[in-house]
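For the record, the sequence lines run as chains X and P.
Position one of the first sequence corresponds to residue 0 (numbering that gives the first Met the number 0), numbered consecutively onward.
Position one of the second sequence corresponds to residue 0 (numbering that gives the first Met the number 0), numbered consecutively onward.
Incorrect hints may have been included.
[Claimed, not checked] Each pair of labels, with its calculated beta carbon distance range: (1) G255(X) x R57(P): 47 to 57 Å; (2) G232(P) x E107(X): 17 to 27 Å; (3) T218(P) x D20(X): 51 to 61 Å; (4) A54(X) x G53(P): 30 to 40 Å; (5) G69(P) x S47(X): 50 to 60 Å; (6) P1(X) x V260(P): 42 to 52 Å; (7) E21(P) x T50(X): 54 to 64 Å; (8) G255(X) x E77(P): 37 to 47 Å; (9) E59(X) x R57(P): 54 to 64 Å; (10) S213(P) x M0(X): 38 to 48 Å; (11) P19(X) x V260(P): 42 to 52 Å; (12) G232(P) x G48(X): 37 to 47 Å; (13) G149(P) x S213(X): 24 to 34 Å; (14) P79(P) x P1(X): 42 to 52 Å.
What the hints contain is simulated information worked out from the structure, not anything from laboratory work.
Idealized CB from N, CA, C, for every residue including glycine.
Number of protein chains: 2
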Amino acid sequence: MPAATAFVPGHVTGFFAPAPDEDPARAGSRGGGVALSDGVTVTVEPGSGLTLGGAPTRIEPVERVLTALGVEARISCETPLPLGAGFGVSGAVTLGTALAATAAFGLERSENDLVGLAHRAEVESGTGLGDVVAQARGGLPLRTDAGAPGHGSLDGIPARSRVEYLSLGELSTADTLAGETDALATAGDRALSTVRETPTPAAFVAASRQFAESVDLLTDDLRSVLTAVDEAGGTASMAMLGETAFCLGTGLSAAGYDPSVCEIAATGARLIDVST
Amino acid sequence: MPAATAFVPGHVTGFFAPAPDEDPARAGSRGGGVALSDGVTVTVEPGSGLTLGGAPTRIEPVERVLTALGVEARISCETPLPLGAGFGVSGAVTLGTALAATAAFGLERSENDLVGLAHRAEVESGTGLGDVVAQARGGLPLRTDAGAPGHGSLDGIPARSRVEYLSLGELSTADTLAGETDALATAGDRALSTVRETPTPAAFVAASRQFAESVDLLTDDLRSVLTAVDEAGGTASMAMLGETAFCLGTGLSAAGYDPSVCEIAATGARLIDVST
Numbered sequence: 000m001p002a003a004t005a006f007v008p009g010h011v012t013g014f015f016a017p018a019p020d021e022d023p024a025r026a027g028s029r030g031g032g033v034a035l036s037d038g039v040t041v042t043v044e045p046g047s048g049l050t051l052g053g054a055p056t057r058i059e060p061v062e063r064v065l066t067a068l069g070v071e072a073r074i075s076c077e078t079p080l081p082l083g084a085g086f087g088v089s090g091a092v093t094l095g096t097a098l099a100a101t102a103a104f105g106l107e108r109s110e111n112d113l114v115g116l117a118h119r120a121e122v123e124s125g126t127g128l129g130d131v132v133a134q135a136r137g138g139l140p141l142r143t144d145a146g147a148p149g150h151g152s153l154d155g156i157p158a159r160s161r162v163e164y165l166s167l168g169e170l171s172t173a174d175t176l177a178g179e180t181d182a183l184a185t186a187g188d189r190a191l192s193t194v195r196e197t198p199t200p201a202a203f204v205a206a207s208r209q210f211a212e213s214v215d216l217l218t219d220d221l222r223s224v225l226t227a228v229d230e231a232g233g234t235a236s237m238a239m240l241g242e243t244a245f246c247l248g249t250g251l252s253a254a255g256y257d258p259s260v261c262e263i264a265a266t267g268a269r270l271i272d273v274s275t
Numbered sequence: 000m001p002a003a004t005a006f007v008p009g010h011v012t013g014f015f016a017p018a019p020d021e022d023p024a025r026a027g028s029r030g031g032g033v034a035l036s037d038g039v040t041v042t043v044e045p046g047s048g049l050t051l052g053g054a055p056t057r058i059e060p061v062e063r064v065l066t067a068l069g070v071e072a073r074i075s076c077e078t079p080l081p082l083g084a085g086f087g088v089s090g091a092v093t094l095g096t097a098l099a100a101t102a103a104f105g106l107e108r109s110e111n112d113l114v115g116l117a118h119r120a121e122v123e124s125g126t127g128l129g130d131v132v133a134q135a136r137g138g139l140p141l142r143t144d145a146g147a148p149g150h151g152s153l154d155g156i157p158a159r160s161r162v163e164y165l166s167l168g169e170l171s172t173a174d175t176l177a178g179e180t181d182a183l184a185t186a187g188d189r190a191l192s193t194v195r196e197t198p199t200p201a202a203f204v205a206a207s208r209q210f211a212e213s214v215d216l217l218t219d220d221l222r223s224v225l226t227a228v229d230e231a232g233g234t235a236s237m238a239m240l241g242e243t244a245f246c247l248g249t250g251l252s253a254a255g256y257d258p259s260v261c262e263i264a265a266t267g268a269r270l271i272d273v274s275t
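Next up, chain X with everything else stripped away, as it sits in the complex:
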């Protein structure tokens, strides 16, 4: 039976400027983030149903992608990342499904086409605004223009680094974004232009932190984690959007926390196994 497996890195957004548009291929966000070597492994084969870590679940944008591709598939996902905590798991499952389904079913779709499908599905479901294009690219991606391939544009900060993250809980993307678009866009574009002028990992983390402070999304628990990292001589910031702290290097462990540890994903989403 044909099957294919894709790996898609997790993605933490450090700062962003929402870019709404009636056309979901043009909508999304500008911003910057970290693609993580911790990601989602997505296996697709003929059948039906979606499991994440063995548990049946529904992820609406995945259903949109399968409908667009015209296939019925059984999708099995594994990930060490928590859900709803700002790691782009829904984008990863959606993009991984698009890639692996194309290989498993022998579809004739280009990579830009598949990234575009997954991006539009996330925007239409309200589950993400920019994870998919960043996850397709890997590294420390900068979303310099919002949207799917052909509309948006990306750059990146050359870097190799340990990443630490500590998740305290969930935040609802939809609730958080409601009504805050203008303030977020102003702060997000300010952070993006700072980082484009100085495209270094340190400038990225500093701009992310400044963004998190200025848009007033920090919970008290998160604020105390970030302050502890400051006091230990590091800099951490908040995953947009989850109650999650992240840093490059060893800031969280130096402050006495027991964070999850991975690396910047050197590379983006990719097929890792195809059997037909």
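Chain X is fixed; fit chain P onto it per the hints.
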């Protein structure tokens, strides 16, 4: 002493349409190729000189990149790929130098900026027309518009496959390209549009073979290799530009040759080690 190492995949072009332009950032080629898991490892540290497999050598576009970055560096490269045989080794060394020098010297350059530098250096030196942007991306890259980031555009064919290659000798890129631009552009654009309509690995190899036949670049020795692969039930084509046969799968070994074997590079150029 600060040092950094980058890995850049080799790249074999299957078909191309030259796109000359006075501005080297806009010049290059449209086309399609295969990024190879066999590539070049480039280590950069303070000092001077360039070695490839331990042997001192000069690669002009590397000197252009170092000048543009304003650094003096010692560059040590290792690769299993032959030189001058259509594997994009010069592009790989040039892009790897740009990435690793940025990390080793703590420069403030984005990835698009570095890819653009390396692309322009190759075009200005006449050593390559599209390898660098393809090597930055990895996979089975389609160069849908020519030029550096910000001018050109890329897509890709989702695929995972064994790659076999057999190099018979060198071809001079400059000599081969002289005066043939119009015929190449017509055949290259025809191949590209075929593959964009059917973005599959099989269609890519078939279009590459048809391109190689139609532009009359096959040597007698290469033609006999490709014919032997046909007779064994496979399809191989010619690396543009080298006296090199390549195929996806096992076509060359099935025909009784003893090819080098690698994989489609799942991913593009990346830093693999930084010590500062």
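query = Does the Cβ pair G69(P), S47(X) satisfy 50 to 60 Å?
reply = Since the Cβ atoms of G69(P) and S47(X) sit about 58 Å apart, the hinted range of 50 to 60 Å holds.
key: Whether the CB-CB distance between G149(P) and S213(X) falls inside 24 to 34 Å   = Once the Cβ atoms are compared, 29 Å apart, the range 24 to 34 Å for S213(X) and G149(P) holds.
request  = Evaluate the given range 47 to 57 Å for the C-beta pair formed by G255(X) and R57(P).
outcome  = holds, 53 Å
query = Range hint 37 to 47 Å: satisfied by the CB atoms of G232(P) and G48(X)?
reply = At 38 Å between Cβs, range holds.
inquiry  = 17 to 27 Å was suggested as the range; check whether the CB atoms of G232(P) and E107(X) agree with it.
reply    = Since G232(P) and E107(X) have Cβ atoms about 23 Å apart, the given range 17 to 27 Å holds.
ask   = Between P1(X) and V260(P), is the Cβ distance one that fits in 42 to 52 Å?
value = Between P1(X) and V260(P), where Cβ atoms are some 24 Å apart, the hint is violated.
ask   = CB of A54(X) to CB of G53(P), is that within 30 to 40 Å?
value = violated, 54 Å
ask   = Between S213(P) and M0(X), does the beta-carbon spacing fit 38 to 48 Å?
value = holds, 39 Å
task = With 54 to 64 Å as the target window, see if E21(P) and T50(X) comply at their CB atoms.
result = holds, 56 Å
task = With 42 to 52 Å as the target window, see if P79(P) and P1(X) comply at their CB atoms.
result = Because 32 Å falls outside the window, the suggested range is violated.
message = Against the range 51 to 61 Å, how does the distance between the Cβ atoms of T218(P) and D20(X) compare: consistent or not?
response = For T218(P) and D20(X) the Cβ distance comes to about 53 Å; the hint holds.
E77(P) and G255(X) - C-beta distance against the hinted 37 to 47 Å = Holds, since G255(X) and E77(P) (Cβ atoms, about 42 Å apart) stay within the stated range.
When the structure is compared with the earlier hints, violations turn up for hints 4, 6, 14 and for no others.
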